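Colleague: One-letter residues, chain by chain:
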Amino acid sequence: MTTAERPVDKPRPVYLDLFAIRQPLPAIVSILHRISGALLFLVGIPLLLWYVQRSLASPEGFQAVMAPFATPFGKLVLLVLAWAYVFHLLAGLRHLGLDLRIGIRLQPARSSAAVVLVLSILVALVVAVRLW
Amino acid sequence: MVAGVDKRPVGAHYGLRDWLSQRITAIVITLYTALFLGIVLWNGGLDYAAWKALFAGNAFRVATFLFMASLLWHCWVGVRNILMDYAKPASVRLALEIVVIATLVAYVGWTIQVLWA
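Protein chains in written order, with the working numbering: chain A, 1 to 132; chain B, 1 to 117.
Think of the hints as simulated: they come from the structure by calculation, not from any bench.
All values reported here derive from a predicted model rather than from experimental measurement.
We put the CB at the ideal spot given by N, CA and C, even for glycine.
Hints may contain errors.
Distance windows between CB atoms, simulated [said to hold, decoys possible]:
{"hint": "1", "chain 1": "A", "residue 1": "L119", "chain 2": "B", "residue 2": "I98", "range": "35 to 45 Å"}
{"hint": "2", "chain 1": "B", "residue 1": "R23", "chain 2": "A", "residue 2": "V118", "range": "39 to 49 Å"}
{"hint": "3", "chain 1": "A", "residue 1": "I21", "chain 2": "B", "residue 2": "I98", "range": "29 to 39 Å"}
{"hint": "4", "chain 1": "A", "residue 1": "V129", "chain 2": "B", "residue 2": "K52", "range": "24 to 34 Å"}
{"hint": "5", "chain 1": "B", "residue 1": "S91", "chain 2": "A", "residue 2": "V129", "range": "46 to 56 Å"}
{"hint": "6", "chain 1": "B", "residue 1": "S91", "chain 2": "A", "residue 2": "I35", "range": "23 to 33 Å"}
{"hint": "7", "chain 1": "B", "residue 1": "V92", "chain 2": "A", "residue 2": "I102", "range": "35 to 45 Å"}
{"hint": "8", "chain 1": "A", "residue 1": "R130", "chain 2": "B", "residue 2": "V92", "range": "37 to 47 Å"}
{"hint": "9", "chain 1": "B", "residue 1": "V40", "chain 2": "A", "residue 2": "A64", "range": "12 to 22 Å"}
{"hint": "10", "chain 1": "B", "residue 1": "G45", "chain 2": "A", "residue 2": "R12", "range": "55 to 65 Å"}
Computed footprint of chain A on chain B; a stretch qualifies when at least three of its residues, placed anywhere within it, have a C-beta under 8 Å from a C-beta of chain A [what the hints assert, rightly or not]:
{"hint": "11", "region": "23-34"}
{"hint": "12", "region": "68-80"}
Pulled out of the complex, with its shape left as it was, chain A reads as follows (with noise of 0.2 Å):
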């Protein structure tokens, strides 16, 4: 066989748009799982850590703290933030039983990426009616 003749060397068809391929769900879990991470370690992680230490300073600075919760920008952020933290530690088990060999096959991965993401919606659900 030449090398012309060797099927690697054929033209193949190179389809890499992301937006108009259909992502099965497990992918979709996948990149929100990384989505989530970036979000809690860019802004989740030193808004914690202001958080904790002003609202330990004094009864101001807990009054403070609680303040953002009152306005709909505070509200929203503190929405998004808690969905992520919660969608990441979800995704998160997923992962860890995929490890344990729980799961593995396709159906079961399927059924529970589709979990994670509903029960994620369903907490972030509960905090959105405790805000507002």
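Chain A is already provided as a structure; the job is to place chain B on it using the hints.
Modeller: Relative to chain A, chain B alone:
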């Protein structure tokens, strides 16, 4: 030296360590989250006095420090994975990694300040 004897795979050999530490820290984070939610829900929310009293206990301080240390370590493994995928060329990646490490180390200091100042 006989050629072909050395069969060590390439790389810095920290793949397994990162994989394992990501999971161990995840478990610590999950346990602390359950503990914290349990305390808050059990008390039906905390006012300033109860909040202050909670953080006055040494056991809770140590548990919180363990949580934060795990969280920041977990961050490092995760953020490094993200940078390895998207931050190119290597010089940009190295610069970003240095920024992330410095930030995380600063957060460790900040955590100690919050808990024991």
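Colleague: With 39 to 49 Å as the target window, see if R23/B and V118/A comply at their CB atoms.
Modeller: Since the Cβ atoms of R23/B and V118/A sit about 24 Å apart, the hinted range of 39 to 49 Å is violated.
Colleague: Given the range 55 to 65 Å, decide if the beta-carbon distance of G45/B to R12/A lies inside it.
Modeller: holds (59 Å)
Colleague: Honestly, do I21/A and I98/B meet the 29 to 39 Å range at C-beta?
Modeller: holds (35 Å)
Colleague: Regarding V40/B and A64/A, is the given constraint of 12 to 22 Å on their beta-carbon distance met?
Modeller: holds (19 Å)
Colleague: Establish whether the coverage given for the region 68-80 of chain B by chain A is satisfied; the threshold is a Cβ-Cβ distance below 8 Å, and no fewer than three residues must meet it.
Modeller: holds (count 5)
Colleague: May I ask you to test the hint 46 to 56 Å on the CB atoms belonging to S91/B and V129/A?
Modeller: holds (48 Å)
Colleague: Could you say whether the range 24 to 34 Å given as a hint is met by the Cβ separation of V129/A and K52/B?
Modeller: holds (28 Å)
Colleague: I want to verify a distance hint. Is the separation of the beta carbons of S91/B and I35/A within 23 to 33 Å?
Modeller: Between S91/B and I35/A, where Cβ atoms are some 25 Å apart, the hint holds.
Colleague: Count the residues of the region 23-34 of chain B with a beta-carbon closer than 8 Å to any beta-carbon of chain A: does the count reach three?
Modeller: Three-residue rule met by the region 23-34 of chain B, so holds; n is 6.
Colleague: Given a hinted range of 35 to 45 Å, is it respected by the beta-carbon distance of V92/B and I102/A?
Modeller: holds (38 Å)
Colleague: Okay, R130/A versus V92/B on CB: inside 37 to 47 Å?
Modeller: At 42 Å between Cβs, range holds.
Colleague: Is it true that the C-beta distance of L119/A to I98/B lies inside 35 to 45 Å, as the hint says?
Modeller: Given about 37 Å between the Cβ atoms, the range holds.
Of the hints listed earlier, the one the structure fails to meet is number 2.
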